[in-house]
Amino acid sequence: MGRLFGTDGVRGLANGDLLTPELALSVAVAAARVLVESDSSHQPLAIVGRDPRASGEMLEAAVVAGLTSAGANVVRVGVLPTPAVAYLVGQTGADLGVMLSASHNPMPDNGIKLFAAGGQKLPDELEARIEKAIEDGHGLVGRPTGAGIGRVHDLLDGAEHYIKHLVESIPNRLEGIKVVVDCANGAASEAGPVAYREAGAEVIAIHAEPDGLNINDNCGSTHLDEVREAVLREGADLGLAHDGDADRCLAVTAAGDVVDGDQIMAILALAMRDAGTLTGDTLVATVMSNLGLRIAMKQSGIKLIETKVGDRYVLEELQSGGLALGGEQSGHIVMPAFATTGDGVLTGLHLMAQLASSGKSLADLAAVVHRLPQSLINVKVGNREAGAAAPTVQAAVALAEAELGETGRVLLRPSGTEPLVRVMVEAATEEKARTVAERIADEVRAASPV
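Position 202 of the sequence shown, counting from 1, maps to 201 under numbering that gives the first Met the number 0, and the rest follow consecutively.
Some hints here could point you the wrong way.
Subject to a maximum C-alpha distance of 30 Å in a straight line, what follows is the list of computed BS3-like cross-link-like pairs (lysine-lysine) [unchecked claim]: (1) Lys379 / Lys307; (2) Lys359 / Lys177; (3) Lys359 / Lys297.
By construction, these hints were calculated from the structure, which means they are not laboratory data.
Make the full structure from the sequences, and use the hints.
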């Protein structure tokens, strides 16, 4: 069996070739068995949540059956954002968290994301042990019987605890802020607007009526047109957009201009530096962050540390350095003082808190980052590793880097979850970035055709 877990758990077409109820059962059994083997002094406790997509009910049933059959007790929390599940794992002292979501992916997809004790992303070593247990079939023998079988309970007020925690995290109230929130018909359709209202903002929620089929359907953080239009129509101070599981947040200004994760991080970093809470005056970002963020942070006296793409790697760097802020251009922002993973609603609250306390517009605050034009091409390939590593591709990258010099950069990255190679180029002009990116993308396609 090849590697099962990608950069953010298991993800694929629900009920397709990979992500079946049988696989969900196997993952759950293996995870519970690994926990029991690691500490046999108590019966493991697992928190299980999901986003509202229709296949979540099917996968939840399989996961709960697998966990309990291997001796773990289960607390179902229903439809909640991914960071809410992580938070509840920590609050309840659970040994494991399971979130069923494909985040920003289309409705037919789903995923299985595991959290360790404390709500942390599952370490690579534990993922490897779970994968090996699945491959060896150890979970299929020696299961408990009688009183050793796990029990299932439902937690009905998980959202209330999570929302209270979020609202208490911000340094000031949000009265006077009018915001449009695009909930992507996802997991934050209720929790997001409620949290913002309880913090004092005037909230207009759109795409907040999930029916199991409309999650991420031309809405949310990957489709910003409607939140931009709503901001202009309603005369709002800003717009916020979440994805299906609400672990990310993007924003738009009162004029409808997009404010991405890099700009949000810069706004929060400067505010935290001024408040004395930006540990080491250091920000953690990934290699995908715009060169403009690097320049802005350098000019502001803030150190920027780069990681691989994925909020789990940002979090690992934050934890190892005892740092206070990190994230991704895509809107995954991690604030370890309040969350163990990217949290879109938390990000939205803290962003609006800066608007309220400074009296400045979002456009004024975001202007600290001058984004270099960026061209990103997702190239479909037959083999993502071969497509990125081919000598012809590497030669094209080297040529582009020499051509751009210090006025741009090139990043070539195989996707962790899809048969894609991502080609990213930043340059002084949009035309230059696009031309160089297309040249490299052509080489990738030729090296690994679909």
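### Message
Given the hinted pair lysine 379 and lysine 307, is their Cα-Cα distance within 30 Å?
### Response
At roughly 21 Å apart (the allowed maximum being 30 Å), lysine 307 and lysine 379 satisfy the hint.
### Message
Would the hint linking lysine 359 and lysine 177 be met if the CA-CA limit is 30 Å?
### Response
OK: lysine 359 and lysine 177 at ~14 Å, within 30 Å.
### Task
Take a quick look at whether lysine 359 and lysine 297 sit within 30 Å of each other, Cα to Cα.
holds, 23 Å
Against the hints set out earlier in the document, no violation occurs for any number.
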